[in-house]
Amino acid sequence: WARSTTPFETTKDVQEKTNIAASKIDAWETGEEYPSITEAKKLANLYKLPFASFFLSVVPEKEPRPYTDRRTRKGTIYRETSYELWSEIGRIIGNREKMMELVDEEDDFFESIPKFEESMGVEELGNAIREYIGVKLPFKNKSAYNQKSFNFYRSVLESKGILVSQVSGVSIDEMKGISIFYDEYPIIAINNKDYERAKTFSLIHELAHIIRRSSSLCLIDFDERNDDEEKLCDRIAAEVLMPKDSFTEIAKLEINHLGEWDDESLTSVADRFGVSVFAVIRRLFETGFIDRNYYISLYDEISEEFKENQAEIDAYNEGRRLIVPYYAKYLNKEGYLYTKTIMNSYFKGKISYGEMCLTLGVGSEHINKMERAVIFV
Numbered sequence: 001w002a003r004s005t006t007p008f009e010t011t012k013d014v015q016e017k018t019n020i021a022a023s024k025i026d027a028w029e030t031g032e033e034y035p036s037i038t039e040a041k042k043l044a045n046l047y048k049l050p051f052a053s054f055f056l057s058v059v060p061e062k063e064p065r066p067y068t069d070r071r072t073r074k075g076t077i078y079r080e081t082s083y084e085l086w087s088e089i090g091r092i093i094g095n096r097e098k099m100m101e102l103v104d105e106e107d108d109f110f111e112s113i114p115k116f117e118e119s120m121g122v123e124e125l126g127n128a129i130r131e132y133i134g135v136k137l138p139f140k141n142k143s144a145y146n147q148k149s150f151n152f153y154r155s156v157l158e159s160k161g162i163l164v165s166q167v168s169g170v171s172i173d174e175m176k177g178i179s180i181f182y183d184e185y186p187i188i189a190i191n192n193k194d195y196e197r198a199k200t201f202s203l204i205h206e207l208a209h210i211i212r213r214s215s216s217l218c219l220i221d222f223d224e225r226n227d228d229e230e231k232l233c234d235r236i237a238a239e240v241l242m243p244k245d246s247f248t249e250i251a252k253l254e255i256n257h258l259g260e261w262d263d264e265s266l267t268s269v270a271d272r273f274g275v276s277v278f279a280v281i282r283r284l285f286e287t288g289f290i291d292r293n294y295y296i297s298l299y300d301e302i303s304e305e306f307k308e309n310q311a312e313i314d315a316y317n318e319g320r321r322l323i324v325p326y327y328a329k330y331l332n333k334e335g336y337l338y339t340k341t342i343m344n345s346y347f348k349g350k351i352s353y354g355e356m357c358l359t360l361g362v363g364s365e366h367i368n369k370m371e372r373a374v375i376f377v
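Numbering follows our numbering, in which position 89 of the sequence shown is assigned residue number 89; successive positions increment by one, without gaps.
Hints are computed from structural coordinates only; laboratory data are not their basis. Bear in mind the structure is a predicted one, so any value in this text is a computation, not a measurement. Any given hint could turn out to be false.
[As the list claims (entries may be wrong)] The calculated lysine to any residue pairs, modelled on SDA-like cross-linking and capped at a C-alpha distance of 25 Å, are:
{"hint": "1", "residue 1": "160", "residue 2": "327"}
{"hint": "2", "residue 1": "142", "residue 2": "193"}
{"hint": "3", "residue 1": "48", "residue 2": "361"}
{"hint": "4", "residue 1": "48", "residue 2": "115"}
{"hint": "5", "residue 1": "42", "residue 2": "70"}
{"hint": "6", "residue 1": "231", "residue 2": "297"}
{"hint": "7", "residue 1": "231", "residue 2": "135"}
{"hint": "8", "residue 1": "252", "residue 2": "123"}
{"hint": "9", "residue 1": "193", "residue 2": "326"}
{"hint": "10", "residue 1": "160", "residue 2": "215"}
{"hint": "11", "residue 1": "160", "residue 2": "174"}
{"hint": "12", "residue 1": "350", "residue 2": "307"}
{"hint": "13", "residue 1": "193", "residue 2": "323"}
{"hint": "14", "residue 1": "193", "residue 2": "6"}
{"hint": "15", "residue 1": "48", "residue 2": "66"}
{"hint": "16", "residue 1": "160", "residue 2": "101"}
{"hint": "17", "residue 1": "41", "residue 2": "68"}
{"hint": "18", "residue 1": "369", "residue 2": "354"}
{"hint": "19", "residue 1": "193", "residue 2": "43"}
{"hint": "20", "residue 1": "329", "residue 2": "375"}
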C-alpha cells in the first residue's frame, strides 16, 4: 500500500533509491520478514508518509490525484512521473495543508477566485482576467515590472490569495507548471529550471486553469497533440499577456520601423509585454502577422541563436558564481504568501517561535531576514 502511493512500480525501483535489496523489501511486503525500526523509518521518509502509518491495522483508502495529467497524446499519458516531481507536488500540497491548519476567518483577506461564463470568448475572458488581477498592458518599459516579469506576476497572483511556488530538481522536459484548484488558496507551481519569461507564460497558463477549475499538470509546449483544455489555456494566457489590440498596434509600429522580424524587433515587442521572444513569435502567427511556414522557420532560427547565446551566458554566470542568500532562495521556492501566513500565525500567538521555524523548515538564524523580505512585498 505504501509503495503504491509513490511512483515506484517495483521494489527494484526502491532499491535504486535506498540501497536496500529488493528481495528484502519483497519479504517485508509479503509479511515473511519485518524491517528494523531504522529501515522502516527510511521507507517512510522515502514514501513521504508518517512512520505511524505502518502500524495501522487497516489499509487506508488511496486518495484520488487532485489534478489531471495533461501531458497526453490522444488521452494516453505518455510521460512517467519521476520520484522528484512526485515529491515536489507532495511538498507544495503539504505546505498548503500546514497553512490551512492555521488560517481562520480573521486571516481570510482574499476574494474568491472569480468564475466566468463558459460562453465567453478568449478575448473577452482575457480582458476579464487582466481586470481581475489589475494589470494594464502594454507596459511602458521594463522598469514597470522591475526587469523580472515572473516575479511581478507572481506577486500580483499572491495578492489575490493564490499560492505560487517553484519546483526544483525536475527537468522542464517533464513539467513546466501545475495548478491545483481549491475554493481558498489554490496552488500554482512553476519549474524553476525554466527561463524567466518562459515561466511568466507558464504562470498565466496555470492561472487560466485555476479560473476554469481545471487542475492540471502541464508541459506547455504548444504541441498539436495536446488536449483541447491545454490549447485553450495557451490561447487564454496569450490573450492575457499580449492583448490582441495592443499587441497588433505595437507589432505594426515595430515592423514598420525595422522592416523585418529579427532578434531586435522581437525583443522590443517582448519587452513591452514582459514575455519571451518565443511567445511573441507564436502570437505573431496567431494574430496573422506571419504564416505557419514563416513561424516555424523564425522559431527555429531564434532558437538556434538563443542556444548559442545562452551557452555564453551560462559560462559567464558559472564563472561569476553569484551567492544568493538562503532566505532569498527559500522565498523564491516556497513563495511569499505561504511564508507570510505562517509568520503571521506566530505574531498572532497561534503557534510558538519554535513551531514557526519547524513549520517553515528553517533555522532561527534566517527568520529575521525572511520577515523583513515578506513585510515589504
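task: Sort out whether residue 307 lies within 25 Å of residue 350, counting only the CA atoms.
output: With Cα atoms ~50 Å apart, residue 350 and residue 307 exceed 25 Å; violated.
- prompt: Is the hinted pair residue 41 and residue 68 satisfied, with a Cα-Cα distance of at most 25 Å?
  reply: 31 Å, violated
message: For a C-alpha distance cap of 25 Å, please report whether residue 160 and residue 215 respect it.
response: 18 Å, holds
- prompt: Does the alpha-carbon distance linking residue 48 and residue 361 stay inside the 25 Å limit?
  reply: Cα-Cα ~15 Å, so holds.
task: Assess, step by step, whether the Cα of residue 193 is no farther than 25 Å from the Cα of residue 323, and give holds or violated.
output: 17 Å, holds
task: With a cut-off of 25 Å on the C-alpha distance, tell me whether residue 231 and residue 135 pass.
output: 23 Å, holds
- prompt: Does residue 252 pair with residue 123 here, judged by a C-alpha cut-off of 25 Å?
  reply: 19 Å, holds
task: Take the C-alpha atoms of residue 160 and residue 101, compute the straight-line distance between them, and say whether it is at most 25 Å.
output: 20 Å, holds
Restraint check for residue 160 with residue 327, where alpha carbons must lie at most 25 Å apart: 23 Å, holds
message: Would the hint linking residue 142 and residue 193 be met if the CA-CA limit is 25 Å?
response: 22 Å, holds
- prompt: Holds or violated: residue 160 with residue 174, Cα cutoff 25 Å?
  reply: Since the Cα atoms of residue 160 and residue 174 sit roughly 28 Å apart, the hinted pair is violated (cutoff 25 Å).
message: Hint check: residue 231 vs residue 297, CA-CA at most 25 Å. Holds or violated?
response: The given pair, whose Cα atoms are some 22 Å apart, holds under the 25 Å limit.
The structure shown violates the earlier hints numbered 4, 5, 11, 12, 17, 19.
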